[in-house]
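All chains should be built: construct the whole structure from the sequences, respecting the hints.
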Amino acid sequence: GEDVEQSLFLSVREGDSSVINCTYTDSSSTYLYWYKQEPGAGLQLLTYIFSNMDMKQDQRLTVLLNKKDKHLSLRIADTQTGDSAIYFCAFTGTGFQKLVFGTGTRLLVSP
Amino acid sequence: EPEVTQTPSHQVTQMGQEVILRCVPISNHLYFYWYRQILGQKVEFLVSFYNNEISEKSEIFDDQFSVERPDGSNFTLKIRSTKLEDSAMYFCASSRWEGGGTDTQYFGPGTRLTVL
Numbered sequence: 001g002e003d004v005e006q007s008l009f010l011s012v013r014e015g016d017s018s019v020i021n022c023t024y025t026d027s028s029s030t031y032l033y034w035y036k037q038e039p040g041a042g043l044q045l046l047t048y049i050f051s052n053m054d055m056k057q058d059q060r061l062t063v064l065l066n067k068k069d070k071h072l073s074l075r076i077a078d079t080q081t082g083d084s085a086i087y088f089c090a091f092t093g094t095g096f097q098k099l100v101f102g103t104g105t106r107l108l109v110s111p
Numbered sequence: 001e002p003e004v005t006q007t008p009s010h011q012v013t014q015m016g017q018e019v020i021l022r023c024v025p026i027s028n029h030l031y032f033y034w035y036r037q038i039l040g041q042k043v044e045f046l047v048s049f050y051n052n053e054i055s056e057k058s059e060i061f062d063d064q065f066s067v068e069r070p071d072g073s074n075f076t077l078k079i080r081s082t083k084l085e086d087s088a089m090y091f092c093a094s095s096r097w098e099g100g101g102t103d104t105q106y107f108g109p110g111t112r113l114t115v116l
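Those protein sequence lines, which keep their order, are chains A and B. According to the numbering used here, the first sequence holds residues 1 to 111 in order. According to the numbering used here, the second sequence holds residues 1 to 116 in order.
There could be a bad hint or two in this list.
[Stated by the list, open to error] Computed footprint of chain A on chain B; a stretch qualifies when at least three of its residues, placed anywhere within it, have a C-beta under 8 Å from a C-beta of chain A:
1) 47–61
2) 70–82
3) 103–110
No lab work stands behind these hints: they were computed from the structure. For glycine and all other residues, C-beta sits at the position ideal for the given N, C-alpha and C.
See the structure below:
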């Protein structure tokens, strides 16, 4: 079955880099996404990567995909206090299918 | 920038009552979804909807749930007889098929449903 796991919590200091990790089991994943959820708010799409890519950079965000190990990571450079939120990885298979979400990682950025 | 909107932001209901959660997807999107997130848990898929019919649903989406697109702009989720365990944040999402590209789903802010 489909399963997506993330570490529950990450704490960093402002200005450091944050790396949030995600492992998944479904090898048919076509697109892999990172969503951000701030307290009491909805899910904000941050970035995504297609499964035939290894890396994607988007300003302060870098997504790395290791298909062999079924491992996805999100690196946030120069982390700011405004980056404090829960980060979810998610994936879809082929076509217009459901998103399967990870457990979420709570990122806490201290000044 | 266009966004998905949802109403109400918070709904409190008594067990056994019917509730309707409303969503206005992004106007040129064709695919609509409902997800839910029980407090402290994962976001779970409920149902997807395209061309006026359900295209996929999860085992959570039983006979107590239904979806409808009553007009050209709204997309609704109805829970016929609410249970305590239906208490959750319900998210609506929409997407448009980009012809071989990603079917990126954009989420609304959610409706918090509390069943007493």
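Against the structure, the hints come out as follows:
Three residues within the 8 Å Cβ limit are the bar, and the stretch 47–61 of chain B against chain A gives 5, so the coverage statement holds. Check on the stretch 70–82 of chain B: 0 of its residues sit with their Cβ under 8 Å from a Cβ of chain A, so the three-residue criterion for coverage is violated. Using a Cβ-Cβ cut-off of 8 Å, 8 residues of the stretch 103–110 of chain B lie near chain A, which meets the minimum of three, so the contact claim holds.
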